[in-house]
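Engineer: Keeping their order, the protein sequence lines are chains A and B. Taking the numbering used here, I'd label the letters of the first sequence as residues 206 to 478. Taking the numbering used here, I'd label the letters of the second sequence as residues 6 to 981.
Calculated directly from the structure, the hints in this document are not laboratory data. This structure is a prediction, so every number in the text was calculated from the model and none was measured. Keep in mind that the hints are not guaranteed to be accurate.
[Unchecked claim] Chain B is faced by these chain A residues, among others (derived, beta-carbon under 7 angstroms):
{"hint": "1", "residue": "264"}
{"hint": "2", "residue": "327"}
{"hint": "3", "residue": "394"}
{"hint": "4", "residue": "408"}
Note that beta-carbon positions come from the ideal geometry of N, C-alpha and C, so glycine has one too.
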Amino acid sequence: MTAKVIVLSGYGLNCEEETLHAFKYSGLNGDIVHINDLIDSPEMLDNYDILAIPGGFSYGDDTGSGNAFAQKMKLALMDDLKKFVERDTLVIGICNGCQILVNLGLVPALNAYGERDVAVTYNASARYQCRWIDIKIEHATSPWLKDIETLHIPVAHGEGRFMMDDSTLEDLKFNGQVAARYVNEGGHYADMAFPANPNGSTFDIAAMTDKSGRVLAIMPHPERGMFTWQRDDYAELKDQAQRDGVELSDDSDGIVIFKNAAAYFEMKMKKSA
Amino acid sequence: MDFENYMPTRIEILAHKDDGRAKSIESILESMDVNASVQAVDVYTSENPDAANDAFAKGLANPVTQRVNETPEDFTWALEIGYLPGVTDNIGHTATELLALTSNDNLNGGEPVYSSRLYLIKANTEKETIEKLSRVISNKLIQRITIKSLDEYKKDGGMDVVIPKVKLDNKGAVADKVDLNISDDELTEIGTRGIANQDGSRRGPLGLSLHYMKAIQEYFKKEGRPATDIEIETLAQTWSEHCKHTIFASPIDDVADGLYKHYIKRATKEIREERGEDDICVSVFSDNAGGIIFDEDHLITDKVETHNSPSALDPFGGAITGIVGVNRDCIGFGQGAKPVVNRYGFCLADPRKKPNYFRDKDCTDALLPPSNIMNGVVAGVEAGGNCSGIPTPSGFVYFDDRFAGKPLVFVGTIGLIPRMINGNPGHEKKARPGDKIVMAGGRVGADGIHGATFSSVALDEGSPATAVQIGDPITQKKMSDAIIKEIRDKGWYSAITDNGAGGLSSSVGEMAEQSGGFLLELDKVPLKYPGLSPWEIWISESQERMTMAVPPENTEKLIEFFAKRGVEATVVGTYTDSGRAQISWQDDVIMDLEMDFLHDGNPETPLKTTFTRGGQAEPDFAEPLSYEQILVDMMGRLNICSKEFISTQYDHNVQGSAVLGPLQGKGRVYAEASVSRPVLSSEKGVVLSQGLFPRYSDIDTAAMAAAGLDMAVRNAVAAGVDFAQLALLDNFCWCSSDEPERLGQLKRAVETIYEMAVKYQTPFISGKDSMFNDFKGYDENGKAIKVSAPPTLLVSSIGVIPHVNRSISIAPKAAGDCVYVLGATKDELGASEYYDQLGYVGNNVPETDLHQNLRLYKLYARASRDRLIASAMAVGYGGLGVTLAKKAIAGQFGLDIDLSHIDLRKDKALFSESTGRIVVTVSPQNKKAFEKNFKGFEDCHYIGSVAQSENLFIRDCLKTDIRDLEEAYKAPLKNF
């Protein structure tokens, strides 16, 4: 029995296919399920171990990115979602999915699931940014991020700026809920400097988790940096490999997140066996 | 409930102090020398009583960063921007859906929510500055502006509550009868100014010549009855240049079957015949896009559209409507292709200049300045492409000040479709008699009827819906996903097409050609608001709609399924084999035309041409003494400099398919070709590129066309495409196409690309034309002027690369690598970037040597297959000098170059734009094999090596620091 992932779609979410591909490539089974079908039969969540809300432009980012889709989920599914995260499941929200998780209050959920503690809002540049960045993993106890130090993956968003008040930030730091921060080419924290920090995010935050670490909200796109051929420096890597007479690995940084999810459930099943 | 007397609710959501949108307003004001602090407020207004509920307002705001109805009175000026009635309000649309969710009430028929944005500006400045600001950030054709001082704001108790509701006064909308038993003068009047309303006013231009009007008169004489307004409007649409491409279809000089059939279509036919079993074409010229083989299981499709006139009026709306429109061409290919890549291309005037052109003699109605047009079209494609989840890796921007009157906005979409769907070829479809006509997606409003009309009726006068359209990508995305990802493979429809120009009249009319007729029940078409006349519903260009032919037994489940995906679909009629195009409205038949007359009744209009070669004598000027500064200046020219600000705004890696993107190498150089991998599980890639040289038309359109086609091919070849799997698309954007001289230029260009395509064996698979890119208006002195776009052919290329590891980027990879230039450099600087920099046109426009180029491309394809090439870049604008500089910037390596093999004056050697050239770098280990590959090809020149230095060094010519070149290359458009 492999773990099963449900990847949501609909209303402008648009990365469901490559996200499911990442999970399947990592050895998991899964389905793409339209949000309206999930709302019609919320009990189907019982059949899944991982919930993935992929990137996209749900409701065109109108009324704030992720807001309208989160409102729709909150009104129809909040109890089911709480039930789901309280099981030993994994949840990931990537880009628009990250914005949705934050608006749903599933991340960081400092006091309880369902309350909004932080905002992900307009980039400081007020411009959409599609570019490759580097992030450093801060919170290695999240199953999603196990044994990862840094990731070279792209961002693609108009509203990726985490904002919160100072005490919330202190709580997040104290709880180890800051999952990843933007770093520059030298590996140092971006310290708010563009373009290493592409959106002006507070404390260079690129990703955060709930308290358990099982729910991950991440603005950059691991599924767009899962294969070497997707990388911005693919041409250089490929050329170097050819000169060195070595085979270039297909896998790149981003795939590890999905493989970690597979490993988490494999381990769990081994334990229970 | 009686909505009429209900007090509207206005909700103001204040953003946090550091909001990026507010900051960008501050920086615009700063550029006007005004120090300001700005706050942004999102405003929602509705007459719906449920909007007053707290739950609704709370759902609109994020409590961490936003405040509800706590707008501070701490500003000098308040500037609010909202939409005019009938303009697509996407934010309002989403808010309306949220209202439906929070009100537990089915909102069908309820009042919607309208959005607007309020800026609170604290600055020591006059109202004039705020008015100026409002012109920069809004467009009066589609938006309303309110400015209040703090005093006025307090006195009025805040901003005004505005409900931009469409109110149409069409008492008992019916189809009017039009008597055509009238004089030629009266016929001409109808053709040029439109059908008369009862009050004597006219409904707007039909573009029907007297020649055409007389054919219509004749037809109704034969039918023995007067025409109806909807019949004449339908004929005007169907016979329009836009739909019939009459200039390409008409006999021209001695070419009896017209330019399109005789040259473009014939080229493809001849290539396919000659290729035989190796033919890559599957569907050409017959569908919404062209399709070629991708792999054993899939076809790829491509279509490039223009949206020039709408973009001149409303750049954002024009461009977003363009991109989501061409997405629908993809969705409407065969049984439905999935959009996998978008293309863009803009021909614009210098955004740093402010020409004063006016539509009226009194100089009150100014054209938008080039910077507004650029920002608008860039943002339009961004919003459309990004929201639709389609990557946009490929594109170009070309600048010439003659695009100030009409910009050219090219948008394209590549699709992917299984070769077999439910046991039938994926590209085939046919509406059958008895199939129901189903319209899915958005509703119909007065959008785009007769193109844009500049109505600026005050808001309180029951103003008409504006005719400018704005795309709604999310409505389309819901529809597209439902069709492509779910419904298509259920086999519930027999045919599908999109609603573009002409709306239902085109989509239903075209599909009915397959079945042999139709009966449309026009009163069943769902409307955005009441009061439209039948003819308006029929030709409305409201966006986000597909039309399907659905067997009656499938309609119910199809409509139900769409509903589950939040998409409205409606049966609006039946395809028949009656041979007639029929429309009913309530209980009357209001249109009943012969299908044959509708589609083929337009009389032929033979065309005559003349041609005179342009240009001047070759300039005679002294050779420059040094070249460092000249090269730096060349790098900063608009057609050469970086367009990175566009690439980073366009999502180019969604769908996870990007291989070679828009910015290449460490130095992030804006590339002209891209490689994508649309099927994640297949290692095959799609290579895309394009070429265009509008300025060459100043000398000879044959050279212009040849250089464009060659560049489109060469860019793709350089990036590693399989030369045998390369196809082309043609987009002609001409001007004054009623003048024999312009038609002569056109004929020359078409003859040229016929010859080239056949020689290269690169078939045309799709094309489009836009023949009147002229602006007729007035300068700042009220003097009549005409600004015509230079005759422009854009050739786009699409090809397959068998494995993405064969792709070749433009950036050099290692010091010590050898540098070669492939192809001959000749004294060909006519209409070049270099001559233009010096203020010359010249005469020696590049001539393309087809035979030599073909040899090179075939040899190159073999070298790229064997992975012998480390980097490659086709030589284009600015010649070898610019290409070498771009390569140095991209790789962040120095180059040691010797161009002594070129027997020309140094500036000519550096900046000649001879076609057919590629600069490559090759690793030492591949040097021998590379040279062997090109053995016998006389134009393979070793010119030096990649160096671990900071300089581009060209022996006996220049030595320039790469950082200076990079600065010059990246500076010009950095702040846009």
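Engineer: For the hint on residue 327 (chain A), does the least C-beta distance to chain B fall short of 7 angstroms?
Structural biologist: 4 angstroms, holds
Engineer: May I ask you to test the interface hint for residue 408 (chain A) with respect to chain B, counting a Cβ-Cβ separation under 7 angstroms as satisfied?
Structural biologist: 14 angstroms, violated
Engineer: Would you check whether residue 394 (chain A) satisfies its interface hint, that is, whether its CB is within less than 7 angstroms of any CB in chain B?
Structural biologist: 20 angstroms, violated
Engineer: Would the hint on residue 264 (chain A) be counted as holding, given a Cβ-Cβ threshold of 7 angstroms to chain B?
Structural biologist: At 4 angstroms from the nearest chain B Cβ, residue 264 (chain A) passes the 7 angstroms test, so the hint holds.
When each numbered hint is compared with the structure, violations occur for hints 3 and 4.
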